[in-house]
Every structure is written in structure tokens, then in C-alpha cells.
Amino acid sequence: MSIALTRPTASRLGLRWLWVTPLVLVTALIAGTAIGETPIPVDTIVKVLANQLLGADYAVDRIDAGIIWNYRLSRAVVAACCGTSLALAGVVLQALLRNPLADPYLMGISAGASTGAVAVAVAGLGAGALSLSLGAFVGALLSFGIVVMLAHAANSGVGGGRGVQAAGAIILAGIAGSQLFNALTAFIITKSASAEQARGIMFWLMGNLSGVRWADVTLAVPAALFGLLVCLWHRRSLDAFTFGADSAASMGIAVRPVRGMLIIAMALVTAVMVSIVGAIGFVGLVIPHAMRFIVGSRHTRLVPATALAGAVFLIGSDILSRVLVSGQVLPIGVITSLIGAPAFALILVRGKRS
Amino acid sequence: MRLSAEKLAWSVHGTPLLTDVNLTVEPGQTFGLVGPNGSGKTSLLRLLAGLNKPKAGRVLIDHQPMHTLKQRAIAQSIALVEQQADTTDRITVHQVASLGRTPFLSALRPWSKEDDAIVAQALHDVDMAHMTDRLWHTLSGGERQRVHIARALAQQPKILLLDEPTNHLDIRHQLSILELVRQLPITVMISLHDLNHAMECDRIGVMDGGRLIDSGLPQEALTAARLRQTFGVYAHVVDDPIDGKQIMRFRSEV
Numbered sequence: 001m002s003i004a005l006t007r008p009t010a011s012r013l014g015l016r017w018l019w020v021t022p023l024v025l026v027t028a029l030i031a032g033t034a035i036g037e038t039p040i041p042v043d044t045i046v047k048v049l050a051n052q053l054l055g056a057d058y059a060v061d062r063i064d065a066g067i068i069w070n071y072r073l074s075r076a077v078v079a080a081c082c083g084t085s086l087a088l089a090g091v092v093l094q095a096l097l098r099n100p101l102a103d104p105y106l107m108g109i110s111a112g113a114s115t116g117a118v119a120v121a122v123a124g125l126g127a128g129a130l131s132l133s134l135g136a137f138v139g140a141l142l143s144f145g146i147v148v149m150l151a152h153a154a155n156s157g158v159g160g161g162r163g164v165q166a167a168g169a170i171i172l173a174g175i176a177g178s179q180l181f182n183a184l185t186a187f188i189i190t191k192s193a194s195a196e197q198a199r200g201i202m203f204w205l206m207g208n209l210s211g212v213r214w215a216d217v218t219l220a221v222p223a224a225l226f227g228l229l230v231c232l233w234h235r236r237s238l239d240a241f242t243f244g245a246d247s248a249a250s251m252g253i254a255v256r257p258v259r260g261m262l263i264i265a266m267a268l269v270t271a272v273m274v275s276i277v278g279a280i281g282f283v284g285l286v287i288p289h290a291m292r293f294i295v296g297s298r299h300t301r302l303v304p305a306t307a308l309a310g311a312v313f314l315i316g317s318d319i320l321s322r323v324l325v326s327g328q329v330l331p332i333g334v335i336t337s338l339i340g341a342p343a344f345a346l347i348l349v350r351g352k353r354s
Numbered sequence: 001m002r003l004s005a006e007k008l009a010w011s012v013h014g015t016p017l018l019t020d021v022n023l024t025v026e027p028g029q030t031f032g033l034v035g036p037n038g039s040g041k042t043s044l045l046r047l048l049a050g051l052n053k054p055k056a057g058r059v060l061i062d063h064q065p066m067h068t069l070k071q072r073a074i075a076q077s078i079a080l081v082e083q084q085a086d087t088t089d090r091i092t093v094h095q096v097a098s099l100g101r102t103p104f105l106s107a108l109r110p111w112s113k114e115d116d117a118i119v120a121q122a123l124h125d126v127d128m129a130h131m132t133d134r135l136w137h138t139l140s141g142g143e144r145q146r147v148h149i150a151r152a153l154a155q156q157p158k159i160l161l162l163d164e165p166t167n168h169l170d171i172r173h174q175l176s177i178l179e180l181v182r183q184l185p186i187t188v189m190i191s192l193h194d195l196n197h198a199m200e201c202d203r204i205g206v207m208d209g210g211r212l213i214d215s216g217l218p219q220e221a222l223t224a225a226r227l228r229q230t231f232g233v234y235a236h237v238v239d240d241p242i243d244g245k246q247i248m249r250f251r252s253e254v
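Listed in order, the protein sequences are those of chains A and B.
full-length UniProt numbering applies: residue 1 is where the first sequence begins, and numbers increase by one.
full-length UniProt numbering applies: residue 1 is where the second sequence begins, and numbers increase by one.
One chain only, chain B, in its complex shape:
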């Protein structure tokens, strides 16, 4: 599915958090969202997920305005992995992942074998299949994040939004989650702090002060000038001798 935003604006108590954001993520693309703290990445993802109604502009899912859709219909297409979502409930990994089936269940469409298979696959995809009966509060931060992603995958979304999903993960699981997300055949928008990880996305959007100031191919968007201006760091590129890919190194001074 194609996800686009037209002139999106969002504010809280008169403080503008997003101003005039226009973007389009083509079907199947992985779109990386980068920007310093407080640049509006989370606010943008929340509007795109339908959690907040924009103060101006609109979100389109395959040319259909989001505000014409019910919450349930939105959730059948879009899944969101929030940055922080915790619970004090005694709930198992399998039960959390099962929550992802909520938008498809009703009194007339009860839980089925098919739902079991979808949840099992989602847990397998994030490498948590061996922990299905573990209680939530016994999990580490990274394990929790992977279960959240499994929950989102169990929603079988056409569009997946992830807000800094690699934050609590160890390096192996950072890479495996990014690899998984990139290989998903669906449209993905992911906010990231690690700019080298962002370089692996199909396209990148750079946020600053509530505006989408640049978007395009990674090497076009993340130029040395851009990094100095937006992130306040000096970057230089080195070549990885193993696969020839480019890696960025950052310094706070020249």
C-alpha cells in the first residue's frame, strides 16, 4: 500500500510540533526517518498511524483519506510499534503477540487456528518462538521490543510503522530486526537514530524542527553538509574493505 501525507500539521497547546509535512512512501518501500531529538519523528508516526488527528492536512492510504476510515479499518492495514509501551499485567509473550489479531476478531469472527498460525509465525520471525510462555515482566528490554514487533506483524499490516525499534536491542538483534523489516514485502516507515542503519533504507526523510527538510535516496539526503546543519556533527565516509559499502564516522568537531 502507498502511504502519503499532504501538508500535515500537528500542535499541542499551541506549540507546533509538525509543520507542512509532505511525503509519499511507495508500496513495498522501506522509508527511514531520521532527525535529532524533538524533531517530530514520533509525532509524524502517530499521525500516520491514526493515533492523532492532524490539525491541518491529511494522510492518504492508497489515495483514500485516513479520516474517512474507522479505527478498526485503519488497524487492518497499518500497524505501529511504539517507542515505549509497557504493562504491569501478568501476560505471556504469546498473549501479547495475540493482541495483534484484535482488529480482525469480533463476536462473529472468533479466534481460529489461522490466528494461531499467524501469531506463531510472527513470533518465529522475531526469534521469540522459544519464549512463548514467558511472562512479560521477566523479559529484557530487547525481548520486549521484539515481542511488540511480533504483535505488530501478527496484525498482518500492509504498512508497518516503527518508532526507533532498535533502541533497546543488542547489536545482533538490531541487525536481525533491520534485516527482517527490509525484507518484508510491505510498506515500512522506520525512525532510526543510527544513521549508518538508516543508510540501508530505500529512501530517507530528514526531520528538523517539525519539518521534513529533505527526503530522497540515502546518499542524497544524508550529505556531509546536511549532517553538519541538522545534527551538528562532522561526518566523513570510509569504505568497508569487506563489502565495499560506505560507513559514516562522526565527530563533534573538525
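One chain only, chain A, in its complex shape:
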């Protein structure tokens, strides 16, 4: 009997490391809550959590309790959800489209969200009845719809095999759609925004977790869990796309419905996240690649690893955005790119060597 036969399946899949996941996540969440302009000791956080979640009755400073519960914890949780969702969307799109440059914003989502947000905030669409988030969500879906229709219509115009065609079409349609909506955004800003408004919008576009409250958590957590479950459920389908859509079909994957469903699910989840925190770049593109270098390309390992890494990365970036310049919160998108790009370059170079 060969070694491959006797090796236990669980360990070959790397599942024995699965128990680390909640531990790392909780640690990151606590760090995200503790670190900030006013550092808060961990035992205070534990007490506040016990008070809120378990109905305990520890004496804690009410201001501390307020900061922890109302601001930092909700913020850290949303950051985690957002990081997980964007990174998973990146995994799915890179796997399905067979393009290493695919990321969740490829589908026109961030461009559409920006236009929607700007239309509400600057042009006054909806006359104050619409929130910025709702505007962004509607804009994201509208833009995604246009991209999908364009991809569908353009499907036959791209050369190559059937699977290559569809992947190529959606990438090109995404670029066209994004350009269109970016132009609309610029148009609205130059037409009607004051300098102050324009600055505020810019800030929002680069990602901003400052306004996050528990209401956002109740939206972000289910969305992120939905995204994670969809990816885990379809992990074998994603694996089957390793050699392209035709190869997936020859191994029994119903390519069109599975691919369509996965892309739409990821677009929805991304749209939810963008509407809550703005367009945070880099996460969806780079975390999946970094994780492939570390845990390999099989989605049984890649999906959980990416979900965790995305969450931890965004919580960390949020902490940095708060403490890097004292008295000022930087846009989190700036941090994700400033920290992420060199780290990713390092992984790329070292991965090549190994």
C-alpha cells in the first residue's frame, strides 16, 4: 500500500488546522477593539462583552463600555465580514474566469456603487429619502446588471473556445461598464459638488469604516456567512475549473448555471459590503493569491484560509488606519494598498524561488 493510501484524508486537506481559525479571528477582533486612540485593556473588553452578551454585571467605565460596544467592536466585526467577502469574491472570480487579475470590482460593482452614492449625496437623488448606502447598493446592482447584459451580448465577439469566450467577455464588459460609471461619477461631481463634498466623496470611495454601527453588522454578518457557505458548498466545482470551463464540464459541472449562480452570489455580497464601507481595493485581488502561495490552489483549503486572512487583514488595516496618524483616520483603502502591495510583492518573489 502506498503512502498516499495510508495518509489520513483530514490531514492531507490541512483540516487539522481548522481549529485555529476561530482563535485567530477572536484574537483579531479583540485587538481591533483594544487598539485605538484610547487604548483599552483586554480585561475591560472581556468584561464589557460579558455584560452585553452573557448578562454579567461587571463594573466598567461607561465611556469605555460605550467605545467598545458601540464603536470599536461593531467596526471590527464589519471589517472582518468585509475582508472575508471581498477576498472570497476574488477567489471565486479568479477561479471561474481563469484570470489572475480578476477581482470583485471587475464586474463594475465599485464603479456603480460610487455613482449611486454620489447621485444620492451630491445630486440629491431621492431627495434625502435614500441613504448613501442604499444609493450605493442600487448603483452597484444596476452596474452589475449592465455588465452582465453586455457580457452576454458580447459573448460571441471574443475569440477562443466557449469557456474562454465567456470569461473574456465578462472581463471586457466589466471594464467597459466600470469606465462608463466612473465617467458618470466624475460628471456628477464636477457638475454639482462643492469642493467639500468632493473631498467627502473621495474619502468614502476609498473606504471608510467610521460610520459603522450595529445595524450594519446585522447586514454584514449574514452576507459574509452566505458568501462563505456558497464557496464551501461549491469548493469542488471551483476546483473543477482548474483547467478551464470545458474541462469542468467534462467532469460533470453544469458550467452555465453554476458559474452564473456563483458570480451573482459574489456580486450581491460585494455590493452589500461596498454599500456599507465603500470601495476598499486590493483585498479581493491579493489575499486570494497570497493564500494560494501558502495553502495551495485546492478550494477545500483555499476558501477557509482566504476567508480568515481577508478578515484578519482588514481588521489589521483598520487598526493601522486609526493609529498611524494620530488624531486622524486615514481611508482604509490607502492602508490596504500601502501595506498590502509590498507584502504581496514579497510573497510573489519568495514564492517564485521556492
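Treat the hints as calculated values from the structure; they're not laboratory data.
Some clues are possibly wrong.
Said to hold, decoys possible - To give an idea of the chain A side of the interface with chain B (calculated C-beta under 8 Å), a few residues: (1) Pro22; (2) Phe243; (3) Ile253; (4) Arg298.
Since the structure is predicted, the reported quantities are computational estimates derived from the model, not experimental observations.
The beta carbon of each residue, even a glycine, is placed where N, CA and C say it ideally should be.
Given the coordinates of chain A, assemble chain B onto it according to the supplied hints.
Positioned in the frame of chain A, the structure of chain B alone reads:
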């Protein structure tokens, strides 16, 4: 399993690539598909594998029309080795071969010891058992092709379709793959460029301009007249003094 095609037609953007193809491969037979470039061999294999839906006609698996079957059910009977299928993923030989088990796995039927044994056997069959942990991008073209064949074998197909599988292989592995394919107890359809290799098949089909213009026993289908008309070459047959088999030599002029 018996594989048959009835009046198959396929076209892309109004350009007909296959016209009125009728054929039957009996269970256990090895059917060789030959024809010049662009004659429709790949298109035919794709229709037979269920990757494309025919514009007209139908494919039958043991008398069951393929369009009534789900993709997963098709993949549990038919495996395809494509001509070119590459990836940039960091994935090992064993992982690629394991993909072949996809049509049999589900949430309720997770990976098992049995799957391990099937994959190990498939890698052994293509002489890649010693390379299970090698990464895909470190393999040569021929090694990649053998891993693809192992992946297809791991599907435990009743019908195996191979699109020019010997293209990148060195001569030893060309022969060993052809030998392996011929000895498989399953139905095999294989497209080949080397006509001498095709002579070893049970039956041969000759494609030209999207039509199956001839099919039958190798020596009946690949006559000198046929070779001149379809392939544009002049052939003459010589006898191998070692085993008495016939070998074809080709010239572009008389």
C-alpha cells in the same frame, strides 16, 4: 457502453464545422478518428463528450439520448482528454488526477479511501506514480498529457474520448499510452495524426471537411486512394520483417 451519433451537425457563427455525422462505436471497441487539420475531429469529440449541444441530430449512450442526461450523469460515463488544457495554479500531479473523482463526489459522498485507491491506480497506469507530489508547472508537456489521461481514468469512464493524446509524448510514451488505451476494456474514441498508430485501432473513421467520409476496419478505410484524396499524400505499404505487420510510408509526390 455503446456510443453513437445520429445525423450530428455543428456550426459556429453560421460556418458549418460538422455535417451529418453518423457513427457507432461498439462496447469495448477502440475507434480511431483521423483526418487533416480542421476536418472536424475536435468538434466531433466535443459533441460526443457533451461539451457542445449539436445544432442537429443527437448523441446516444447505450440508446439513451445524451440531451436527456445531466452533465454530472454524462461525466460518470464519459471522460474526455482535451488537446490543450493548461493551468497557472500551483497544483500537484496527485491533485490534478484527483479532479477526476469530481462527478462522483458530493456533500453526502465525501472523498474516501476508495477514491485514493482509484487515483493511485490511474497514476500508476500512465507511469506517473513516482511524481505524485510534483507541481504542475514543473512538468514537461508529455508528463502533463499523461496526468490528464490519469485524471480521465480516475473518472472510471465507460467511454473514453481522447483528442490527439500522443501529441506531446516521446515515442516510448506514445506507444505505452496507445497500448494502455487499446487494452482498456472500455469504449474508446481517439483522434490521431499518426496514421500508422491509427492502423492499430479496431475501427477507423476518416473525417474531411466536417463529414465522416469513411469508417470501417483500418485497412479498408485507409486505402491508398483515400490517403491521396483526403490527405493529399501518396502512400505505399511495406512489410515489417519482425512481426509481419504493414507499415505505411508517405510521400508528397509520386
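ask   = Would the stated hint for Pro22(A) survive a check requiring a Cβ distance to chain B of less than 8 Å?
value = Since the shortest Cβ distance to chain B is 22 Å, the answer is violated.
query = Does Ile253(A) meet its interface restraint, that is, does its C-beta lie within less than 8 Å of any C-beta in chain B?
reply = Check passed: Cβ of Ile253(A) comes within 6 Å of chain B, closer than 8 Å.
message = Given a cut of 8 Å on the nearest C-beta pair, is the interface hint for Phe243(A) held or broken against chain B?
response = Since chain B brings a Cβ to about 4 Å from Phe243(A), closer than 8 Å, the hint holds.
ask   = Any CB of chain B closer than 8 Å to the CB of Arg298(A)?
value = holds, 6 Å
When held up to the earlier numbered hints, the structure conflicts with hint 1 and nothing else.
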